[in-house]
Amino acid sequence: MTNPHPQNNNPEKESASSRRSLLTKLWVLLGIVALAELIGIVFAFLKPNPKKSSAADRAAIIVAGPVDTFQPGTVTAFVRGKFYLVRLEDGGFLALSRSCTHLGCTVPWVAKENKFICPCHSSEFDIRGEVISPPAPRALDLYQIIIENNVLKVDTNKRKKRSEFTAGQITYPKKT
Amino acid sequence: MNIIERIRLSIFPGAHKPAEEQKGQRKYFRSLLLHFRPRVVPERTLRFSLTWGLGGMAAVLVFLLFGTGLMLKFVYEPFPDRAYDSILHLQQNIPFGQLIRNIHHWSANGLLVIAFLHFLRVFFTGAFVAPRQFNWIIGLALFAAVILSNFTGYLLPWDQLAFWAITISSSMLEYIPGVGTWLQESVLGGPELGPTTISNFYAIHTAVLPALLLLIMPFHFWRIRKANGLVIPRLPDEETETLGEKVNTIPNLIVREVAVALVLLAVILVISMLFNAPLAAKANPGLSPNPTKAPWYFMGIQEMLLHFHPVFSLFIIPLMLVFGLLCIPYINYQSETAGVWFCSNRGRRMALIAVLTSIAATVTGILADELIIGSVLTGPPDIISSGLVPIVIVLAGCIGFYIFMKKRFGAANNEAVQTLFILLATAFLVLTIIGIWFRGTGMRLMWPW
Ligand code: HEM
Ligand code: HEM
Ligand code: FES
Numbered sequence: 001m002t003n004p005h006p007q008n009n010n011p012e013k014e015s016a017s018s019r020r021s022l023l024t025k026l027w028v029l030l031g032i033v034a035l036a037e038l039i040g041i042v043f044a045f046l047k048p049n050p051k052k053s054s055a056a057d058r059a060a061i062i063v064a065g066p067v068d069t070f071q072p073g074t075v076t077a078f079v080r081g082k083f084y085l086v087r088l089e090d091g092g093f094l095a096l097s098r099s100c101t102h103l104g105c106t107v108p109w110v111a112k113e114n115k116f117i118c119p120c121h122s123s124e125f126d127i128r129g130e131v132i133s134p135p136a137p138r139a140l141d142l143y144q145i146i147i148e149n150n151v152l153k154v155d156t157n158k159r160k161k162r163s164e165f166t167a168g169q170i171t172y173p174k175k176t
Numbered sequence: 001m002n003i004i005e006r007i008r009l010s011i012f013p014g015a016h017k018p019a020e021e022q023k024g025q026r027k028y029f030r031s032l033l034l035h036f037r038p039r040v041v042p043e044r045t046l047r048f049s050l051t052w053g054l055g056g057m058a059a060v061l062v063f064l065l066f067g068t069g070l071m072l073k074f075v076y077e078p079f080p081d082r083a084y085d086s087i088l089h090l091q092q093n094i095p096f097g098q099l100i101r102n103i104h105h106w107s108a109n110g111l112l113v114i115a116f117l118h119f120l121r122v123f124f125t126g127a128f129v130a131p132r133q134f135n136w137i138i139g140l141a142l143f144a145a146v147i148l149s150n151f152t153g154y155l156l157p158w159d160q161l162a163f164w165a166i167t168i169s170s171s172m173l174e175y176i177p178g179v180g181t182w183l184q185e186s187v188l189g190g191p192e193l194g195p196t197t198i199s200n201f202y203a204i205h206t207a208v209l210p211a212l213l214l215l216i217m218p219f220h221f222w223r224i225r226k227a228n229g230l231v232i233p234r235l236p237d238e239e240t241e242t243l244g245e246k247v248n249t250i251p252n253l254i255v256r257e258v259a260v261a262l263v264l265l266a267v268i269l270v271i272s273m274l275f276n277a278p279l280a281a282k283a284n285p286g287l288s289p290n291p292t293k294a295p296w297y298f299m300g301i302q303e304m305l306l307h308f309h310p311v312f313s314l315f316i317i318p319l320m321l322v323f324g325l326l327c328i329p330y331i332n333y334q335s336e337t338a339g340v341w342f343c344s345n346r347g348r349r350m351a352l353i354a355v356l357t358s359i360a361a362t363v364t365g366i367l368a369d370e371l372i373i374g375s376v377l378t379g380p381p382d383i384i385s386s387g388l389v390p391i392v393i394v395l396a397g398c399i400g401f402y403i404f405m406k407k408r409f410g411a412a413n414n415e416a417v418q419t420l421f422i423l424l425a426t427a428f429l430v431l432t433i434i435g436i437w438f439r440g441t442g443m444r445l446m447w448p449w
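One line per chain: the protein sequences are A and B, in this order.
Residue 1 is where the first sequence starts when you use the working numbering, and the numbers rise one by one after that.
Residue 1 is where the second sequence starts when you use the working numbering, and the numbers rise one by one after that.
Hints are supplied without guarantee of correctness; some may be wrong.
What the hints assert, rightly or not - Keeping only pairs whose Cα atoms sit at most 27 Å apart, straight-line, the calculated DSS-like set for lysine-lysine is:
| no. | chain 1 | residue 1 | chain 2 | residue 2 |
| --- | --- | --- | --- | --- |
| 1 | B | LYS246 | B | LYS226 |
| 2 | A | LYS25 | A | LYS47 |
| 3 | B | LYS226 | A | LYS82 |
| 4 | A | LYS82 | A | LYS25 |
| 5 | A | LYS82 | A | LYS112 |
| 6 | A | LYS47 | B | LYS73 |
| 7 | A | LYS82 | A | LYS158 |
| 8 | A | LYS112 | A | LYS47 |
| 9 | A | LYS160 | A | LYS47 |
| 10 | A | LYS112 | A | LYS25 |
| 11 | A | LYS115 | B | LYS293 |
| 12 | A | LYS82 | B | LYS282 |
| 13 | A | LYS160 | A | LYS115 |
| 14 | A | LYS161 | B | LYS293 |
Stated by the list, open to error - Just so you have them, the derived chain A footprint on chain B, three or more residues with Cβ under 8 Å:
| no. | segment |
| --- | --- |
| 15 | 162-171 |
| 16 | 286-294 |
Said to hold, decoys possible - In silico negatives: residues of chain A with every beta carbon more than 12 Å from chain B:
| no. | residue |
| --- | --- |
| 17 | LYS47 |
| 18 | PRO48 |
| 19 | PRO72 |
| 20 | ASN114 |
| 21 | PRO119 |
| 22 | GLN144 |
| 23 | ARG159 |
Don't read these hints as lab results, they were simulated from the structure.
Source: prediction; values computed, not measured.
In this text, a Cβ means the ideal position worked out from N, Cα and C, and glycines have one as well.
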């Protein structure tokens with residue numbers, strides 16, 4: 001019998017142990033794969049669920065009412081949708097989130113002073129949601145506005161962050 | 001043999017043996033008492049002025065929290081529309097409900113204070129060098145678990161205090177660059193506080209963190225045993241070798257531990273009978289109270305937030321501090337000071353100077369920022385002027401102080417590191433105190449009275 005490893009006096013043991021170490025490696029590999037799957041499952045399980053039921057989807061679209069009910073230069077609070085509907089002097093609309101961009105307090109509209117004033121650290125925002133006074137770092141978030149058949153709806157699922165106010169953010173009703 | 005006797009024997013199989021052998025049985029009971037402890041301990045480590053009983057007190061409070069927490073779980077309902085009412089029901093209709101809630105509340109807050117003091121005593125007796133290095137790290141993990149337990153518990157009553165404190169604290173996460181928004185939404189289970197938040201917090205508070213504590217605490221105790229007990233206290237000029245005289249753990253150590261535990265229990269009970277845990281009006285997402293503050297143990301961070309750019313006060317500075325704490329046991333120290341309070345006589349003088357410097361510098365800094373620079377109320381936060389510039393000034397101040405003190409006193413790095421630690425710890429305490437008592441409506445500075 002020819003010995004493939006002449007310097008090794010027990011070739012069988014040698015190959016058995018290398019086979020065993022291969023098996024061990026396989027087991028370790030399988031273990032790692034199983035662990036990775038487990039972690040993946042836990043993460044998927046705990047992830048905030050973006051796909052709500054379709055009923056919740058419909059509930060997220062708030063029908064604000066006919067366009068003409070909102071006078072230019074006014075702010076209307078929608079408690080259920082957690083937003084303010086703003087009609088600017090030029091007739092355009094903005095739907096502002098009521099959460100302060102500083103640390104998330106709810107900002108009330110102070111009609112007397114014509115601005116939003118946060119009770120927590122006194123950030124101030126103008127009617128367009130633009131920061132007048134810090135510590136708030138960004139203008140108030142926006143929700144998407146949909147106008148169909150002259151009825152205004154707000155999609156509270158779609159919240160958009162912005163750093164400042166630009167004219168492009170305003171939604172205008174169709175001229176009739 | 002009657003049935004009662006037979007049952008007794010089945011529990012204590014040695015009870016019918018002659019008295020001589022029953023001693024062996026007593027020994028089993030004793031070894032149960034000993035548990036993680038050795039049979040004998042160095043006499044010196046029994047001194048109250050070494051531990052102040054603080055580690056034991058922390059352990060007692062954790063068990064008290066487990067006991068009362070499990071009871072609260074039977075009444076509490078983790079849903080936004082029912083949580084607050086279940087707390088009211090607990091307080092008004094359940095016998096001793098208010099008392100149990102009070103005990104849970106005061107133990108939780110007491111634990112933060114006690115664990116912090118324990119952390120200070122471990123640091124100032126130099127009990128973090130080998131062979132206790134890793135136990136320092138385990139201790140930090142315990143501290144993290146305690147803070148998170150407090151934070152997740154805070155939300156559960158779902159009153160105005162809870163709702164807005166958690167809103168503010170979790171919004172702080174949003175400023176962490178890159179992963180901030182994702183992290184905040186994962187914690188809250190959505191963009192803002194809602195049903196998912198409360199069920200997440202409830203699961204973490206009453207299952208995940210308790211399990212973690214139950215795993216880490218025995219590990220902490222086992223490491224103490226592996227290090228041959230506590231660090232042996234000594235005077236600055238005493239030698240280390242001659243101090244190991246041992247005494248029996250039972251009764252010497254056990255009696256002291258039980259005494260501390262009973263006194264603590266009595267104190268907590270009295271406080272819980274006199275002062276009710278606060279409960280404001282039911283949470284109203286449409287109305288933020290003024291002022292709205294984070295839980296008191298985050299007030300230092302909230303105060304920093306008023307002076308530094310959020311990326312620095314919420315991310316970079318905490319990261320540097322945690323990294324520093326993790327490094328403490330692994331620095332190469334020039335002299336052997338384990339067991340000596342504040343390293344040496346020189347260390348004590350340096351410590352005093354550091355405390356005074358830190359108080360003066362922090363108060364001056366806050367007043368200057370508020371009254372002269374005024375970054376609190378003008379101009380949007382800017383990464384250069386309210387982030388980089390002040391942080392460089394603070395860092396330069398710390399490094400300068402370190403070098404100056406080391407030179408001036410000809411100190412070893414043990415003492416210099418301790419001085420720096422005191423400088424930062426005092427600054428943090430001052431920030432916390434100002435945040436709790438000196439901030440009023442609209443977060444403006446005011447007197448607490
Ligand atoms: C829930 C929190 C904690 C509990 C229940 C706990 C419990 C204990 C107990 C019972 C002891 C022994 C007796 C004593 O020193 O009083 C001890 C010692 C020790 N603890 Fe903690 N501890 C906690 C947190 C911490 C923290 C935050 C640190 C530091 C980062 C820490 C580091 C140490 C070290 C290094 C020792 C050994 C001290 C020595 O040998 O003298 N522990 N701990
Ligand atoms: C280190 C351990 C713990 C800490 C620091 C802690 C802390 C807290 C805090 C600060 C609160 C808010 C109480 C208030 O002021 O209103 C709370 C509430 C609560 N905790 Fe814990 N807790 C701990 C362990 C546990 C455990 C082990 C359980 C149950 C298994 C538990 C169950 C509860 C329940 C059901 C509430 C809601 C009732 C209430 O708010 O009064 N806790 N906890
Ligand atoms: S949360 Fe509005 S100013 Fe801080």
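Structure-based check of all given hints:
Distance hint between LYS246(B) and LYS226(B) is fulfilled; the C-alpha atoms sit about 16 Å from each other, no more than 27 Å. A threshold of 27 Å between alpha carbons decides the hint, and for LYS25(A) with LYS47(A) the separation of about 33 Å lies outside it, so the pair is violated. A hinted pair counts as satisfied when its Cα atoms are at most 27 Å apart, and LYS226(B) with LYS82(A) does not qualify at roughly 57 Å. Proximity of LYS82(A) to LYS25(A) is assessed by CA-CA distance (about 56 Å); at most 27 Å being required, the pair is judged violated.
Distance restraint check for LYS82(A) and LYS112(A): the Cα-Cα separation of roughly 21 Å lies within the 27 Å cut-off, and the hinted pair is therefore satisfied. Between the alpha carbons of LYS47(A) and LYS73(B) the distance comes to roughly 25 Å, so the proposed pair stays at or under 27 Å and holds. For the suggested pair LYS82(A) and LYS158(A), the alpha carbons sit about 13 Å apart, so the restraint of at most 27 Å is met. A C-alpha spacing of about 43 Å is found between LYS112(A) and LYS47(A), which places the hinted pair above 27 Å, so the restraint is violated.
A threshold of 27 Å between alpha carbons decides the hint, and for LYS160(A) with LYS47(A) the separation of about 21 Å falls inside it, so the pair holds. Between LYS112(A) and LYS25(A) the alpha-carbon distance is near 74 Å, which puts this suggested pair outside the 27 Å criterion. Between the alpha carbons of LYS115(A) and LYS293(B) the distance comes to roughly 23 Å, so the proposed pair stays at or under 27 Å and holds. A distance of roughly 18 Å separates the Cα atoms of LYS82(A) and LYS282(B); the hinted pair therefore holds under the 27 Å criterion.
The straight-line distance between the Cα atoms of LYS160(A) and LYS115(A) is roughly 21 Å, inside the 27 Å bound, and the hint therefore holds. Note on LYS161(A) and LYS293(B): the hinted pairing holds, with a Cα-Cα distance of about 25 Å set against a maximum of 27 Å. Note: the segment 162-171 of chain B has 5 residues with beta-carbon separation from chain A under 8 Å; the three-residue rule is met and the coverage holds. Residues of the segment 286-294 of chain B with a Cβ under 8 Å from some Cβ of chain A number 7, which satisfies the need for three, so the listed coverage holds.
For LYS47(A), the requirement that its beta carbon stay farther than 12 Å from each beta carbon of chain B is not met, with the minimum near 7 Å. Against the 12 Å criterion, PRO48(A) falls within the reach of chain B, whose nearest CB is about 5 Å from its own CB. The Cβ of PRO72(A) lies farther than 12 Å from every Cβ of chain B, with a closest approach of about 25 Å, so its non-interface assignment holds. A cut-off of 12 Å between C-beta atoms confirms that ASN114(A) is not in contact with chain B; the least separation is 19 Å.
Not every CB of chain B lies more than 12 Å from the CB of PRO119(A), the least distance being 4 Å, so the non-interface label is violated. For GLN144(A), the requirement that its beta carbon stay farther than 12 Å from each beta carbon of chain B is met, with the minimum near 15 Å. Listed as a non-interface residue, ARG159(A) fails to keep its Cβ farther than 12 Å from every Cβ of chain B; the least gap is roughly 7 Å.
Hint violations for this structure: numbers 2, 3, 4, 8, 10, 17, 18, 21, 23, all remaining hints satisfied.
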